[in-house]
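Assemble the whole structure, with the sequences as input and the hints as a guide.
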Amino acid sequence: MSKIKIKDIGTAEKLDRSKPPKSGKPRDVNFPKFYEAKTDNGITVLVIEDSRLPLVTTRFVFKNGSYTDHFSGVDKYGLGSMTSELLVKGTESRTATDIAEEVDYIGATLSSGCDYDATYVSSYSLKKYFDNMFDIISDVIFNPLFAEEEISRLREQRLNVLLSMVDDGDYLADKVFKKYVYGNSPYAYPVEGNHNSIKSIGRKDIQNFYGKVFSPENLIVAFVGDITPDEAMLKLNSKFYKWENKKSSRDEIITPSLHDSTKVYLVEKKGAVQSSLKIGHLGISRDNPEFIPAYIMNTMLGGYFTSRINKNLREENGYTYGARSYFSCNKYSGDFSINTEVKTEITSNTVKEILKELNDIRNDFVGKEELQNVKNYISGNFPLQLETPNAIASKVINLKLHNLEDDYYNTYIRKVNNLTKEDIKNAAEKYLHPDKLSISIAGNTNAIKEEMKQFANVEVINDIT
Amino acid sequence: MTTNDLAVQIVSDIPSVDFKEHTLDNGLQVVMSKFGNIPMVVVNTTFHTGSKDEEENKTGLAHLFEHLMFEGSPNIPKGRFDEILNKNGGDSNAYTSWDSTSYYVVIPSNHLETALWLDSDRINGFGISKESLEIQKDVVLEEKLLYVDNSPYGSLEEESSKRLFKNSGYRWPIIGNMDDLRKVTLEDIKEFFAKYYKPNNAVISVVGDIDYDNTLRSIEKYYGNISPGGEIIRKEYTEDDIKKEMREDIYDNIHLDGKFIFYRMPEMGTKDYYAMSILNGILSEGDSSRFYNELEYKSKLVSEIDTTLYGMEKTSIFIISAIAMQGKSLEEIENKIDNIIGDIKKGNISDKEFKKIQNRIETYYNSKRQSIVSLADKFSYLKTFYNNCEKINFEIIDYLSVSKEDLVNTANKYLNPEQRLVLNYLPKNN
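Residue numbers (this note's numbering), protein chains in the order written: chain Y, 1 to 465; chain Z, 1001 to 1430.
No lab work stands behind these hints: they were computed from the structure.
Hints may contain errors.
Once the Cα atoms are required to be at most 20 Å apart in a straight line, the calculated SDA-like pairs of lysine to any residue come out as [said to hold, decoys possible]:
1) Y:Lys25 <-> Z:Asn1037
2) Z:Lys1336 <-> Z:Asn1225
3) Z:Lys1166 <-> Z:Lys1244
4) Z:Lys1352 <-> Y:Thr109
5) Z:Lys1034 <-> Z:Asn1214
6) Y:Lys199 <-> Z:Gly1327
7) Y:Lys453 <-> Y:Ser261
8) Z:Lys1355 <-> Z:Tyr1365
9) Y:Lys128 <-> Z:Arg1369
10) Y:Lys19 <-> Z:Asn1225
11) Z:Lys1087 <-> Y:Asp28
12) Y:Lys375 <-> Z:Ser1092
13) Y:Lys63 <-> Y:Asn390
14) Z:Lys1298 <-> Z:Lys1355
15) Z:Lys1368 <-> Z:Ser1012
16) Z:Lys1298 <-> Y:Asp28
17) Z:Lys1137 <-> Z:Tyr1095
18) Z:Lys1221 <-> Y:Pro20
19) Z:Lys1087 <-> Y:Thr109
20) Y:Lys430 <-> Y:Arg362
Structure follows, in structure tokens:
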């Protein structure tokens, strides 16, 4: 056991606890360097090297996700997520069980899935098993079988999951919120699909989606961890250099619009003792040039523990275990929302307080100290987001996926620190609309229906599919 | 290669974590580790008091403290703790278990003293107001509604604890009974604070971008003059063995039936506990695991199946959780689960299956060496419960030295029908 001796401690200094200590000089933080290249057939390759641990992650990111479901036929929601999950359920030479056995045996993980804007396949293993793992992940990307048996198994499983998700108030509130906020945009539909759409998805749909999305020009590959750029390029080229691009159609961009006025949507959650609230409206896409002022404004409003909304609802009123607000930003559009859960009886009081906070941050300048605090918080905490090579990789992939400037993260902190109280007020005025809200609540609808009428027209949603 | 050779080989392949330990005169145990390459530091303070240490009729105090400790201390008024942290780029959180309560602060390393100043002030003196207490009681009541009453299968902890345990403080849920919570007075919390929130009942782990000498000097400065409390007399743990199977149907706001099977296991750190961890892996880790493969993949009986081994100070709990596919019977699911366990008891574990779990452990062990927040938590845990921080580098040997025979013995010793509790969750008709 390593014990150390200490000298010169104890009585020498009389401690005055009423005064905060002086701090030392901060250490500079730069965004870590990473390697980037493009293969002849158009694959974007990223290498985030870190040899401290003998681990390698490989992340394949295809630049389409469930947004594309909408353009794959009538009612095919959930197609992207079904396709991505089925990748690992059998190839021309490996059954689903073979894949599971091989991956588990070497202590690795292989996972796949999608969100609105991208499809992901990734693997994680010790370096000594990287060759085996790369072999498997290449196989599932090139040669997926999409066997009927696997499709029907996943379909049945998904239908059961959808059935159980309505037991969750937050899920219900979110689903209703998206449906009304995004209107005619594909972002209105859940990534996981709905009862009817999942039933209608067949093998042909899956093969078409695969053909459309899985091509080299549409691919970003990130190698992360104990691997050099040379090793990574060699490995990738050994499997992927012959892969040819196909002509594919681009998805149409459907731009939803803000509502004219506020509306309340209520959905029943069986046996609810709390209301799950999601309140907001359309927001911004990730590449919006004013993302940073909007993000910082939101951080003050409801983005962290000491934000206005959490302070009000939790720390001053004891209404909730927690409340947060977000700008959720997709590639083509996004939404802004405030999310919390409160007991049924205080639902309308909570809505009142939320409206007050939305109006306050639009009408008045934020305080000097409040703004400085949030700047310090964002810049001080930033290194924690760069702690692991995979965290760094997520950020770099984000740059590429949303076409942000290469020096985005190097200038990020400076841009945050340059914001003025005027910038924050502008962002609040421009991106918060307390008079055009969708107030979506899952809970005991009969108990809250009447009192919600004070805010706007109330609609009770019976069919949430 | 023997199991031990293998363990030695693997240990030498994994970069070891450097650390130093010290105990202050007032009994505060200090662990420091210079780790990572970001300019940040974590201060984790763990008190060796959890929900099982509470008195009957005064349950929920340990967890309530997890909230109250952010509500003001003699020199830091209510609301200022997090504000000061945030404006210095820091963040904080806390959690409560059956056996301990942990607080952590993560902050840029040039503000380490600020973190120590904030954290030590709330141990040095009591500054919580009646108003804060009442607000935080409301917050905890909402927390309980959120995670228990309004959450599918949310009553599992409460329904299982009261049946698995009859004497010890493990018989009530960590969050406590809400009737007790509503009655808590300022006097109750002062008393609890005076008894447990003392340096001789705590471990502080400081991990990240630090200098050992300076860090220890600062810890001594802020914590060294806090007076120790009296000796903490811990209740003796007594629970009779479960000798008869318990079964209960619970009706909940759910759409899919659930089958939950609970076994009491030996406390964490014992040989049987490590063997059970390995069994846990064989049963449910990865898509080739027995439960996933047999119940979810092949027979499509469940939409989800998982197992968890909760390591505790005086006992442990092993839980099998299965959510049925619509229309499938819970009885069939239980039979299938029992068959798989029966198979293991007979010794049917292949070399490949055994080796697979060892490989998974090796990956897991490496991947756990990345985050300063989780390392600090691990150090506090090792110091609190084992008084042995060397385990940070060598606990993998405890896992890898489990033999196939140990697995079979453990399964036969503990995973028996007469030693368990079975809860069937069924949809409420309303």
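Hints versus structure:
With a C-alpha separation of about 17 Å, the suggested pairing of Lys25 (chain Y) with Asn1037 (chain Z) holds against the 20 Å cut-off. For the hint linking Lys1336 (chain Z) to Asn1225 (chain Z), the alpha-carbon distance of about 60 Å lies beyond 20 Å, and the restraint is violated. Note on Lys1166 (chain Z) and Lys1244 (chain Z): the hinted pairing holds, with a Cα-Cα distance of about 14 Å set against a maximum of 20 Å. At roughly 17 Å between alpha-carbon atoms, Lys1352 (chain Z) and Thr109 (chain Y) fall within 20 Å of each other, so this suggested pair holds.
Our distance criterion of 20 Å between C-alpha atoms is met by Lys1034 (chain Z) and Asn1214 (chain Z), whose separation comes to about 12 Å. Of the supplied pair hints, the one linking Lys199 (chain Y) and Gly1327 (chain Z) holds, its CA atoms being roughly 18 Å apart against a limit of 20 Å. Straight-line distance between C-alpha atoms of Lys453 (chain Y) and Ser261 (chain Y) comes to about 14 Å, which keeps the hinted pair within the 20 Å bound. Between Lys1355 (chain Z) and Tyr1365 (chain Z), the direct Cα distance comes to roughly 15 Å. Compliance with the 20 Å bound is thereby established for this hinted pair.
Simply put, Lys128 (chain Y) and Arg1369 (chain Z) have alpha-carbon atoms about 18 Å apart, close enough for the 20 Å limit, and the pair holds. The suggested pairing of Lys19 (chain Y) with Asn1225 (chain Z) holds, with an alpha-carbon distance near 17 Å, which does not exceed 20 Å. Distance check on the hinted pair: Lys1087 (chain Z) and Asp28 (chain Y) sit about 17 Å apart at the alpha-carbon level, within 20 Å; holds. For the proposed pair Lys375 (chain Y) and Ser1092 (chain Z), the alpha carbon gap of about 17 Å is at most 20 Å, so the pair holds.
Among the hinted pairs, Lys63 (chain Y) with Asn390 (chain Y) is consistent with the structure: their alpha-carbon atoms are about 19 Å apart, no more than 20 Å. For the given pair, Lys1298 (chain Z) sits about 23 Å from Lys1355 (chain Z) by alpha-carbon distance, which is inconsistent with the 20 Å threshold. Pair hint Lys1368 (chain Z) plus Ser1012 (chain Z) holds up; C-alpha atoms about 16 Å apart against a cutoff of 20 Å. Taking the CA atoms of Lys1298 (chain Z) and Asp28 (chain Y), the gap is about 54 Å. The hint is violated against a cut of 20 Å.
For the hint linking Lys1137 (chain Z) to Tyr1095 (chain Z), the alpha-carbon distance of about 16 Å falls within 20 Å, and the restraint holds. For the hint linking Lys1221 (chain Z) to Pro20 (chain Y), the alpha-carbon distance of about 13 Å falls within 20 Å, and the restraint holds. The suggested pairing of Lys1087 (chain Z) with Thr109 (chain Y) is violated, with an alpha-carbon distance near 39 Å, which exceeds 20 Å. For the proposed pair Lys430 (chain Y) and Arg362 (chain Y), the alpha carbon gap of about 9 Å is at most 20 Å, so the pair holds.
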